[in-house]
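As a plain string of letters, each chain reads:
Protein chains: 4
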Amino acid sequence: MNSPQNIVQYLYKNDAYSQWLGIEIIEVKIGYCKLKMKVRKEMLNGFKITHGGISYSLADTALAFASNTHGKKCISMETSISHIECVQNGDCLTAVSKELSKTEKTALYLITIFNQNKQEVAYFKGTVYRTSKDWEIHE
Amino acid sequence: MNSPQNIVQYLYKNDAYSQWLGIEIIEVKIGYCKLKMKVRKEMLNGFKITHGGISYSLADTALAFASNTHGKKCISMETSISHIECVQNGDCLTAVSKELSKTEKTALYLITIFNQNKQEVAYFKGTVYRTSKDWEIHE
Amino acid sequence: MNSPQNIVQYLYKNDAYSQWLGIEIIEVKIGYCKLKMKVRKEMLNGFKITHGGISYSLADTALAFASNTHGKKCISMETSISHIECVQNGDCLTAVSKELSKTEKTALYLITIFNQNKQEVAYFKGTVYRTSKDWEIHE
Amino acid sequence: MNSPQNIVQYLYKNDAYSQWLGIEIIEVKIGYCKLKMKVRKEMLNGFKITHGGISYSLADTALAFASNTHGKKCISMETSISHIECVQNGDCLTAVSKELSKTEKTALYLITIFNQNKQEVAYFKGTVYRTSKDWEIHE
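Chains as they are written, first to last, in my numbering: chain A, 536 to 674; chain B, 536 to 674; chain C, 536 to 674; chain D, 536 to 674.
Any given hint might turn out to be false.
Since the list gives no way to pick out one identical chain from another, each pair is judged satisfied if it fits inside one copy or across any two copies.
Here are the computed lysine-lysine pairs in the DSS-like style, where the Cα-Cα straight-line distance is at most 25 Å [unchecked claim]:
id	residue 1	residue 2
1	K633	K548
2	K573	K548
3	K653	K548
4	K607	K583
5	K637	K608
6	K640	K608
7	K608	K576
8	K548	K569
9	K573	K633
10	K668	K571
11	K569	K607
12	K653	K633
13	K583	K608
14	K571	K548
15	K653	K576
16	K640	K653
17	K571	K640
18	K607	K548
Honestly, the hints are just simulated from the structure, not real lab data.
Just chain A, same shape as in the assembly (with noise of 0.2 Å):
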């Protein structure tokens, strides 16, 4: 079944990196999701403070969950961060997806990323293109 639940699943399980960086899914529904991980040390940066690539790579997981929801494949082609906190150590992120538009053929995700304290840490706006191939899922 096709379920936004299902598709996730399925991008989740096949997705290395993700599992990598210890994404775990909160929520899942149509259009949307809500992801989170925790820090590790071999996420730091030279600055001792967490690389920026982290909480994109958090950011873009949450795009890749969210717009596939739909049972159309998505892809990433426009995407931008902007770091407004620090991220430290052993932090609690939190990525929460808003769908902005969706057409036929393009969709903009605005995704927002909070730590333990509800901060706000980073702000992503990410545009995929809408393939015409539908998922399917048998199992």
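Since chain A is already given, all that's left is putting chains B, C and D on it; use the hints.
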């Protein structure tokens, strides 16, 4: 000595995540760096292609390295990336930076990522904030 | 007096281009503004829809107004806009700002543009540099 | 005939706003254009420098012209601009486009804006959606 090379070596030695990515430093000079890395299977996403966070992370490391070569500590503020071509398992990526502008407090870089066939796979634009703290490396 | 309202009035009175656009100030408070304008036929592009530069310009004015309300002179550094819906001749646009973050030296705003049907037509994200110069308005 | 030149001429002739801006077409070829304009006093903002919307608008016109030269109707989706140098009243701006990528459904352009001293004043990155409609110009 605070040469561009020493600053980048220091940053790299302390950057656990760039080491996990397997980044190699090819060339460093004032306002510039060239980096390389090979994609491994733990960097793939649910579509079995390279997760967008990997190219972003390579570019973000290049941004940190290039912007810090001037001797002032710089922090990434706003970045965007356009994914042009899919990156496959085993691909070898090269990131090349170009300094587009530099003022007292901010600087802007364009970072292009190529695959082993010299095809452009991603364009990254990054703005950094240039703090008033100087690098002081004693070794 | 350097109230948010006075600063925005001063900026607006001297802003020939925002006046050409026909921008009206609906509401101003610390870190916030709401603006309105009506699209005229000299704002259309070769497809006979509103030129993307018009929505951008409205949002960029909102960015300038909102960021300067804190009493420090702010300059736009990096902005991006996603065009969601076509804007037609005669449409009435409203821009609403949201301050996403503010540090000593930089601040980030999300500006949403709606048409007269309360449909979102564009999302704009802008980063400003906060100079050390204070506003001093004597009148 | 649907030559790049004819398509751009058609777009320009119908583009009231680009005419208001005083844009001149310097060169057009497949996937490329070079445009010029002079800043007038009605384009200034409340700081008495050129409103950010003016450079954006010039770049956005260049994006429309360059992307439509291939003969398919293209629509701007996601654009970003970094303002590098202030632009003054009377400055003469030149926009030069570079096609970074082009697939069946989307294309990406980098547009650089120079002033009369060949200084770079802004960098613009734009993604367009390539519709399935062909240009058909009869004249």
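Right, here's what the structure says about each hint:
1. K633 <-> K548: The answer is within: 23 Å in one copy meets 25 Å, while 37 Å across copies does not.
2. K573 <-> K548: both (19 Å within a copy, 23 Å between copies)
3. K653 <-> K548: neither (28 Å within a copy, 32 Å between copies)
4. K607 <-> K583: between (40 Å within a copy, 17 Å between copies)
5. K637 <-> K608: So K637 and K608 pass the 25 Å test inside a copy (13 Å) and across (20 Å) alike.
6. K640 <-> K608: both (11 Å within a copy, 15 Å between copies)
7. K608 <-> K576: between (34 Å within a copy, 22 Å between copies)
8. K548 <-> K569: Cα proximity of K548 and K569: one copy only (17 Å, versus 34 Å across).
9. K573 <-> K633: within (22 Å within a copy, 28 Å between copies)
10. K668 <-> K571: Neither: 29 Å inside a copy, 34 Å across copies.
11. K569 <-> K607: Within one copy only: 19 Å inside a chain, 37 Å across chains, cut-off 25 Å.
12. K653 <-> K633: For K653 and K633, both the intra-copy (17 Å) and inter-copy (18 Å) Cα distances are at most 25 Å.
13. K583 <-> K608: Between copies, since 13 Å is at most 25 Å while 37 Å is not.
14. K571 <-> K548: within (16 Å within a copy, 29 Å between copies)
15. K653 <-> K576: within (21 Å within a copy, 33 Å between copies)
16. K640 <-> K653: Classified as between: cross-chain Cα gap 23 Å, same-chain 34 Å, threshold 25 Å.
17. K571 <-> K640: neither (29 Å within a copy, 30 Å between copies)
18. K607 <-> K548: within (18 Å within a copy, 39 Å between copies)
Hints 3, 10, 17 from the earlier list are contradicted by this structure; the remaining hints agree with it.
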